[in-house]
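Chemist: In case you want the letters, here they are:
Protein chains: 2
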Amino acid sequence: MKQIFIVLGMLFMVISCKTTTKDSYQGDEAASPDEMLIRISEIKIHQAYLSEYISILKEEAEASVRLEPGVISIFPMFQMEDSTEFRILEIYRNKEAYESHLKTPHFKKYKTTTLDMVESLKLTDMEAIDEETMPDIFLKLRSVVTVQ
Amino acid sequence: MKQIFIVLGMLFMVISCKTTTKDSYQGDEAASPDEMLIRISEIKIHQAYLSEYISILKEEAEASVRLEPGVISIFPMFQMEDSTEFRILEIYRNKEAYESHLKTPHFKKYKTTTLDMVESLKLTDMEAIDEETMPDIFLKLRSVVTVQ
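Protein chains in written order, with our numbering: chain A, 134 to 281; chain B, 134 to 281.
In short, the hints are calculated from the structure, not lab data.
Values in this document were obtained by computation on a predicted structure and should not be read as measured data.
Among these hints, one or two may not hold up.
Below, computed lysine to aspartate or glutamate pairings styled on EDC-like, alpha-carbon distance capped at 20 Å [claimed, not checked]:
no., chain 1, residue 1, chain 2, residue 2
1, B, K255, A, E218
2, B, K241, B, E168
3, A, K191, B, E175
Per the computed footprint, the stretches of chain B lying under chain A, defined by three or more beta-carbons under 8 Å from a beta-carbon of chain A, are [said to hold, decoys possible]:
no., region
4, 181-194
5, 228-234
6, 237-246
Glycine included, each C-beta is placed from N, C-alpha and C at the ideal position.
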């Protein structure tokens, strides 16, 4: 009889451990995908400032994702055929998170220091066509980046 | 003495359980971000086929991410100001994964059934400027999508 309780206790510990690990990804700042702001920024940079711009953008994107719970993604890329052509996939938890982002010291620093480097800038608001598949995508992305 | 072994056994189970849960995100198909293929596809669709196209694209993207270990992201969006303008962020684990994707029944079905719906198509290969921040982004995305 005592052994049954020990086995049940172990089972309970395993189940609660799994639940805790899963829940830890949800965080305190959970929000609905319906409220998300998705944007693709298209930015052309003057050739002379290229390496300087990359350094400043990298710092700003990293700080935003790390420090702001409402900034879900600031994912900067450049075109392989023309490295002066940048595209940034930006995802904010909601409108308030975006407005709050604009007031942060790291965004203000990025904006002022890169002002003269930018040749053209186009911001395009987007809508995702399938939020249901998002969990699978992000699970897979984690599997790639965690092996570094 | 027997109780000590039971406690040690429980501790071992909890530790191994946590390790298993963490490792399960890495999968068998782990690869370096350096090998990844990142692309933004820009697709304009004839207005008349819009809802039909969305339905086919959604099905294809979902099947690709679910069935193909090498397809990390096929994340389709459309412009809020012009819903005939689609942008897809595609991330493949490596070149082989992309080539294998082109041979799948779901991609072939998408390609043939949408051929006449497409007004223009531009595929642009991209490079990410900061792979180190990716884990934070994808952790945050998971926290949003798992609350649905």
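Chemist: Could you tell me which of the numbered hints above are not met by this structure, giving the numbers in increasing order?
Modeler: 2, 3, 5, 6
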